[in-house]
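Undergrad: If you read the protein sequences in the order shown, they are chains A and B. The numbers in the numbering used here rise by one with no breaks, and the one at position 142 of the first sequence is 142. The numbers in the numbering used here rise by one with no breaks, and the one at position 32 of the second sequence is 32.
It should be emphasised that the hints constitute simulated quantities derived from the structure, not laboratory data. This structure is a prediction, so every number in the text was calculated from the model and none was measured. Among the clues, some could well be false.
Intra- or inter-copy, both count: the list cannot distinguish identical chains.
Lysine to aspartate or glutamate pairs mimicking EDC-like chemistry, simulated, CA-CA at most 20 Å apart [what the hints assert, rightly or not]: (1) 140 to 13; (2) 146 to 26; (3) 11 to 107; (4) 140 to 94.
2 protein chains.
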Amino acid sequence: MSENEKYAGLKLENQLCFPLYACSKEIIRKYKPYLDEIDLTYTQYIAMMVMWERKEVNVKTLGESLYLDSGTLTPVLKKLESKGYITRKRSEQDERNLVVTITEKGEALKDKATCVPGKIGSCVNLNADEAKILYDLLYKIINSMK
Amino acid sequence: MSENEKYAGLKLENQLCFPLYACSKEIIRKYKPYLDEIDLTYTQYIAMMVMWERKEVNVKTLGESLYLDSGTLTPVLKKLESKGYITRKRSEQDERNLVVTITEKGEALKDKATCVPGKIGSCVNLNADEAKILYDLLYKIINSMK
DNA sequence: TAGCTTAAAATAGTGTACAATTTAATAGTG
DNA sequence: CACTATTAAATTGTACACTATTTTAAGCTA
Numbered sequence: 001m002s003e004n005e006k007y008a009g010l011k012l013e014n015q016l017c018f019p020l021y022a023c024s025k026e027i028i029r030k031y032k033p034y035l036d037e038i039d040l041t042y043t044q045y046i047a048m049m050v051m052w053e054r055k056e057v058n059v060k061t062l063g064e065s066l067y068l069d070s071g072t073l074t075p076v077l078k079k080l081e082s083k084g085y086i087t088r089k090r091s092e093q094d095e096r097n098l099v100v101t102i103t104e105k106g107e108a109l110k111d112k113a114t115c116v117p118g119k120i121g122s123c124v125n126l127n128a129d130e131a132k133i134l135y136d137l138l139y140k141i142i143n144s145m146k
Numbered sequence: 001m002s003e004n005e006k007y008a009g010l011k012l013e014n015q016l017c018f019p020l021y022a023c024s025k026e027i028i029r030k031y032k033p034y035l036d037e038i039d040l041t042y043t044q045y046i047a048m049m050v051m052w053e054r055k056e057v058n059v060k061t062l063g064e065s066l067y068l069d070s071g072t073l074t075p076v077l078k079k080l081e082s083k084g085y086i087t088r089k090r091s092e093q094d095e096r097n098l099v100v101t102i103t104e105k106g107e108a109l110k111d112k113a114t115c116v117p118g119k120i121g122s123c124v125n126l127n128a129d130e131a132k133i134l135y136d137l138l139y140k141i142i143n144s145m146k
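Throw the hints in and build the complete structure from the sequences for me.
TA: So, in structure tokens, the structure goes:
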């Protein structure tokens with residue numbers, strides 16, 4: 001095997017993970033100006049997306065939805081609580097669980113956030129078919145790693 | 001427009017960015033045990049990949065390759081220097097530039113790292129065609145955002 | 001029911017990321 | 001040549017992200 005072949009896998013351009021990592025970061029960077037307008041970071045935004053759908057959820061379930069653990073979520077949720085978008089309270093049935101509940105202010109934020117996905121979509125240069133293919137491939141990877 | 005339509009874009013499952021973000025994180029997590037063996041974090045690993053290719057590079061160029069700025073790279077490079085894989089030295093032609101150079105120990109690490117891409121590849125459940133399609137779509141997005 | 005195990009969050013510690021600012025060096029211009 | 005503008009890293013401050021550990025609560029069993 002030549003030197004080139006031996007080390008081919010170690011080139012950035014031959015990696016699949018690197019463009020995933022770079023693409024993810026760059027799109028999140030694109031979100032920033034729009035999320036700044038509603039005073040959310042990207043992590044806070046995806047946490048709110050779950051809250052807008054579920055209204056009430058414990059930290060474990062939220063973490064499973066977002067692929068994040070309590071080490072990451074605890075400070076994020078405390079921040080969202082301090083902004084008045086959610087409340088945090090131990091479950092009465094099982095006090096190990098912390099129940100996160102959306103507030104009215106949190107619900108109201110949803111209307112301000114509706115424009116965000118479209119604005120991002122318009123700066124990602126893929127047509128609907130390509131986006132669907134990409135989406136399916138990403139979930140194929142994610143689901144195969146569970 | 002119905003409530004459902006109005007808010008459809010705000011569901012995690014309808015976002016393209018979220019699976020990108022999740023997929024990137026989960027694959028990087030898969031790297032960890034293999035990178036632990038050679039005592040590198042993922043960021044240190046991709047920085048070393050550039051060094052293995054280029055031998056010598058300044059921080060700005062390295063940052064353009066990795067989509068990272070000096071704020072992120074400075075501590076990463078100091079760490080790699082402390083591990084003996086690179087040296088950091090101001091350019092004599094233009095002292096604003098910091099020249100990063102790979103050491104012999106850094107070169108030697110390349111051999112230990114050759115097995116990493118294959119091990120990751122085998123836990124990403126895509127065939128060669130799918131991987132190629134994904135790769136091309138990711139770079140299409142990345143390049144369209146420049 | 002006391003003791004062991006499991007489970008859910010929180011905490012501690014390390015390492016990115018990134019925006020904004022600062023510092024130092026170089027380039028460009030009247 | 002002095003002055004201004006630009007450039008490259010480093011620094012500062014905030015916010016994740018993750019591993020490992022700790023704390024507290026609940027379930028389980030001899």
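Undergrad: Which earlier hints can't be squared with this structure?
TA: 4
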